[in-house]
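**Student:** Protein chains in written order, with the UniProt record's numbering: chain A, 1 to 670; chain B, 1 to 670.
These are computed hints drawn from the structure, not numbers from a lab.
Intra- or inter-copy, both count: the list cannot distinguish identical chains.
When the alpha-carbon atoms are kept at most 30 Å apart in a straight line, the in silico DSSO-like pairs for lysine-lysine are as follows:
{"#": "1", "residue 1": "K653", "residue 2": "K582"}
{"#": "2", "residue 1": "K363", "residue 2": "K28"}
{"#": "3", "residue 1": "K249", "residue 2": "K402"}
{"#": "4", "residue 1": "K609", "residue 2": "K572"}
{"#": "5", "residue 1": "K26", "residue 2": "K363"}
{"#": "6", "residue 1": "K142", "residue 2": "K371"}
{"#": "7", "residue 1": "K239", "residue 2": "K209"}
{"#": "8", "residue 1": "K28", "residue 2": "K653"}
{"#": "9", "residue 1": "K94", "residue 2": "K653"}
{"#": "10", "residue 1": "K653", "residue 2": "K26"}
{"#": "11", "residue 1": "K239", "residue 2": "K145"}
{"#": "12", "residue 1": "K28", "residue 2": "K395"}
{"#": "13", "residue 1": "K653", "residue 2": "K667"}
{"#": "14", "residue 1": "K609", "residue 2": "K666"}
{"#": "15", "residue 1": "K667", "residue 2": "K582"}
{"#": "16", "residue 1": "K583", "residue 2": "K609"}
{"#": "17", "residue 1": "K323", "residue 2": "K145"}
{"#": "18", "residue 1": "K94", "residue 2": "K278"}
{"#": "19", "residue 1": "K613", "residue 2": "K666"}
{"#": "20", "residue 1": "K239", "residue 2": "K55"}
{"#": "21", "residue 1": "K323", "residue 2": "K371"}
{"#": "22", "residue 1": "K609", "residue 2": "K667"}
{"#": "23", "residue 1": "K653", "residue 2": "K613"}
Listed here are the chains, written in short residue letters.
Protein chains: 2
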Amino acid sequence: MPVAAQSLDQLAINSIRFLAVDAIEKAKSGHPGLPMGAAPMAYVLWQNFMRYNPKNPQWFNRDRFVLSAGHGSMLQYALLHLTGYDSVSIEDIKNFRQWGSSTPGHPENFETAGVEVTTGPLGQGIANGVGLALAEAHLAAKYNKPDATIVDHYTYVIVGDGCNMEGISGEAASIAGHWGLGKLIVLYDDNHISIDGSTDVAFTEDVSKRFEAYGWHTIHVEDGNTDLAAISAAIEAAKKVTDKPTMIKVTTIIGYGSPNKCNTAGIHGAALGTEEVKLTRENLGWEYAPFELPADAVAHMREAIDRGAKYEGEWEATLATYKSKYPQEAAEFEGLLTRQLPAGWDSVLPTYTPADNAVASRKHSEICLNKLAPVLPGLMGGSADLTHSNLTEIKGSGDFQKGAYQNRNVHFGVREHAMGAICNGMALHNSGLIPYGATFLIFTDYMRAAIRLSALSQIGALWVMTHDSIGQGEDGPTHQPIETIASLRAIPNLTVIRPADGNETSGAYKVAIEKASQQAPTLLALSRQNLPNLAGTSIEGVTKGAYTIADSEGTPDIILIGTGSEVSLCVKAAEQLTTEGKKVRVVSMPSWELFDAQDAAYQESVLPKAVTKRVAVEAACSMGWHRFVGMDGGLVTVDRFGASAPGGTVMEKYGFTVDNVVATAKKVLG
Amino acid sequence: MPVAAQSLDQLAINSIRFLAVDAIEKAKSGHPGLPMGAAPMAYVLWQNFMRYNPKNPQWFNRDRFVLSAGHGSMLQYALLHLTGYDSVSIEDIKNFRQWGSSTPGHPENFETAGVEVTTGPLGQGIANGVGLALAEAHLAAKYNKPDATIVDHYTYVIVGDGCNMEGISGEAASIAGHWGLGKLIVLYDDNHISIDGSTDVAFTEDVSKRFEAYGWHTIHVEDGNTDLAAISAAIEAAKKVTDKPTMIKVTTIIGYGSPNKCNTAGIHGAALGTEEVKLTRENLGWEYAPFELPADAVAHMREAIDRGAKYEGEWEATLATYKSKYPQEAAEFEGLLTRQLPAGWDSVLPTYTPADNAVASRKHSEICLNKLAPVLPGLMGGSADLTHSNLTEIKGSGDFQKGAYQNRNVHFGVREHAMGAICNGMALHNSGLIPYGATFLIFTDYMRAAIRLSALSQIGALWVMTHDSIGQGEDGPTHQPIETIASLRAIPNLTVIRPADGNETSGAYKVAIEKASQQAPTLLALSRQNLPNLAGTSIEGVTKGAYTIADSEGTPDIILIGTGSEVSLCVKAAEQLTTEGKKVRVVSMPSWELFDAQDAAYQESVLPKAVTKRVAVEAACSMGWHRFVGMDGGLVTVDRFGASAPGGTVMEKYGFTVDNVVATAKKVLG
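Bound-form chain A, shown alone (with noise of 0.2 Å):
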């Protein structure tokens, strides 16, 4: 119909349409589909439900949307410009894909205001939706008074084919069940289109029967092209339901609007084309310009900005009731949002010396969490159910459960990559949570791909990883690390550390802690075995990623550089040369990240230029090591699978000994 004729939804509905289908087609490149067929619901969504403040995309209370299908970063870019967020930019959306826009492929945070998450990976945004529920169902409970209501907003997700078919969207919506997050509504564009053409193809299952079987609530919206008031009625019932998260089928065409190219799988994931566009215009009633807006409509969607305005308004008045009647509760959520972290808080790390008994360095983990718990309220974290053998439970604190929101110990239950996925929706609530997941050091293999989102999109998690090498022992090479340390040390901004013991576990944790606060991931491989506390680990060593722990008098004859469990090996080896007249130098060298992140001089004072004969002991693969110790360094390494047995067995046969590694130096000393 023409323009004229049409409702200021229906022009709002099309402005977003072709918003979409301009940017994309300028850019050459794209995902017009998605836009197309689920802008009537994202705009029903945006125009009459979520509370959001244009203005103040960080404002604390406002309702997270997470596009989980990211691909459909078009919509949601033009949602953030109608709706006036001075992020997108009309130029902006004609830049769309370009270098240094803000306006990529796929919604990034770190890039865009009044993006929550870092989607496009797929299945991610709805278990990122599922931390911020969580968080928000957390912070509600231990903060909110019944007087004053300072936390309490929905989390919307638009999800797609392409995640329901993902695992990990089964995981994070089968633990939201149990949860019973009644404040998480997902809207399932349930298109039946993806890459590869009909979901018949690959995916007839019957997704709403799926989530009722995890304990959601379902509602199906038959027609998600026109029907507005069902899509409003749907949103209503969802909310209605408290004690279950809604998913919200909504059936539509992929690309409606376009005659020849909607319901099919060419218009997923290109440009339309000019003649198509021109179809597509005409079909559709639009009269516009590319990148032309009809007034009325954005001034229609803007009302936004005043409602944003009069909403934060509205709770700014609540917190400060709040703060007046509850000054020590507001104190501690206050100082949350501002993600510092408390004075001295560092003070609790313990240290050690070798007369302290030798322990796992994931028992000096569950040490460190427990002492740092009471100091950090925004501490809360858990396993992907190995508890009691990654020994990362707060005592004390109780199960963050259904009607138990208040407690920090998380049961992702054996689900690893929504684990990962959940804990950087926690992060990125933006509410001070510092969020932990906890599993065997080879399982990070099953949340890879959360954990490198953590790092692409600066989130303050940790990853707890215990069993981190062949020591791991009986359970054998499904079980044992070899190739995993170096495979995360490979992603940019992650931070890997592998303490010796205990004071190298609390240099761990300070780092962590410190980094999380300034919203950079940490990921910590600690042993199964027990080491011994070692003289000359320090705190501030771990800080600066290597440092020398024991050395010869004047310049060394060799270095020897180890991890975690080796660093031992490596003190007792030098011991040995040194009685046979070497002089030796031993570097524990906990994290390649914070050592290149210090400058040159420190640099050399470790590791000489002068100094060419070094050996690097690690029990894992060599990958990575020449550059400490030159192609023709030692290597007490591992570049084949483990195998099951006692884990001092495994070690022995895998030469890690004292002696291997003295005849690994004097190999290098020629």
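Since chain A is already given, all that's left is putting chain B on it; use the hints.
**Tutor:** Then chain B, alone, in the frame of chain A:
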């Protein structure tokens, strides 16, 4: 009840239980809970239903059994021992989890005959089972004749709560339901306990309803501890439903028989302890010493040997009929089973000259796949919903679908992790299938655990990964691999190949197919963007991992080492440097692993130790390259995340230009 009063069935079931209890007690390590609880279902299955030949574990038409809950490995070892497999003697059971034993902590197909797939990482086994069932369905559709059924077996899988929590199992179950794999029968050991305690803490969904939503047939056995008739009836009923896979939920008590530890997490993963072992013996009336077995029960279970010989004999007779009636099909079928490649198979691989058009290596890959498909009947696979981006369709074959199992194009849906494990299962059917799975290189993160298992378990799979660098362009950092190639190279036994052009892509396929026939996986990293065909590249060069493609006379001043899309930059940079009087060698290094496998003389001929000035050029992270270029070598690499913009722009902004390679080389030259 006392032994004298126990039926043969009870004696056999208790034999399984006590082999597990005693082996774990001796090892002081292992998981007794599952074997004790699941012994009845496993016994009924192996005694009354499964067709296998203990004296020929590789008999082709055997039913396949997968213990997806691999931590319960003693269940499987007990079954193998009791039914007469030579691979697991009583001595082996006494050496459970010890160095060099055939009874490692988790079942490993490469250690123990009779173990079909390696399990332990949860959820993998059920997805492997889908692959095994797919292989059966495919071969049956392709080779069976109305008067000669030579492919006809079931695939049985035992899963636990942990498997069912993992996303990969949901992905696999969804696609298995879609495919209607009626001969896949899953027994779910529903014992309500995982490591963190009751499943009430994290897993309260309705699993049966979920499987129904996937299109499965479901059955519930309410008393899996004692009601053998109900277990039998359920398996009977499962076999009768031929158009859907069946999930039998068998409710059991974990650690059944242990008076104080049954039904607790304490019995999941630790030995019972002397006292509780004694009490369990009393409770179950077990009068035998550790590792002592009732002769009647053993004889009863070893009837499997005669049954197996009979089954195999009958099958051999059918095969003989088949061979006489259908000699051509029989020849192909038997050829497949030998896993021998047809003579001259690689002659179909195309070669190119620089005069040929620049084409993306993903396109070259498509050409190779389609050239190879007619000569390699076992080649079969597909993409995780990116068929027309990965270019992995075998043209003219049709899609593997319900009612069309003979076809070779598999649509896995957006389920990378299950795709990996399904391919693993297809290969481990050991019938000559060469499975391939495809997605964007970055999304190997979603399937990394399955890729690792392909390397550990000696699986001849091809991983076809496209869009292999920041050259991917507009999709941005969520889709651009940086650390991915390094993280894959770090996996032992996995060959990673990143070809530079058409010849090298043909070489990559030559290697990958040969490796597959030798039961080792290969991963191809392929470009989205077009690549010029280079002078000097060759299939043979690829087989050596690295080789010289351009050189000056005499000893080079500097060596430029490139891979994939960056080799052409090296060639151009060398030309420029040569005009400036430098002697430059260009080495194309498509595969580190293949180069490592060459002898020292060859390695020296390509990278002479004397030439210390070297530059590595790869649009990926620098990790590992110091090994080839030295601590002070030149690096044109990327150690930060990518960006959204046209691919050429990103490459240029990140320094992948001839000018920058030249400048870096000059810096190294000093």
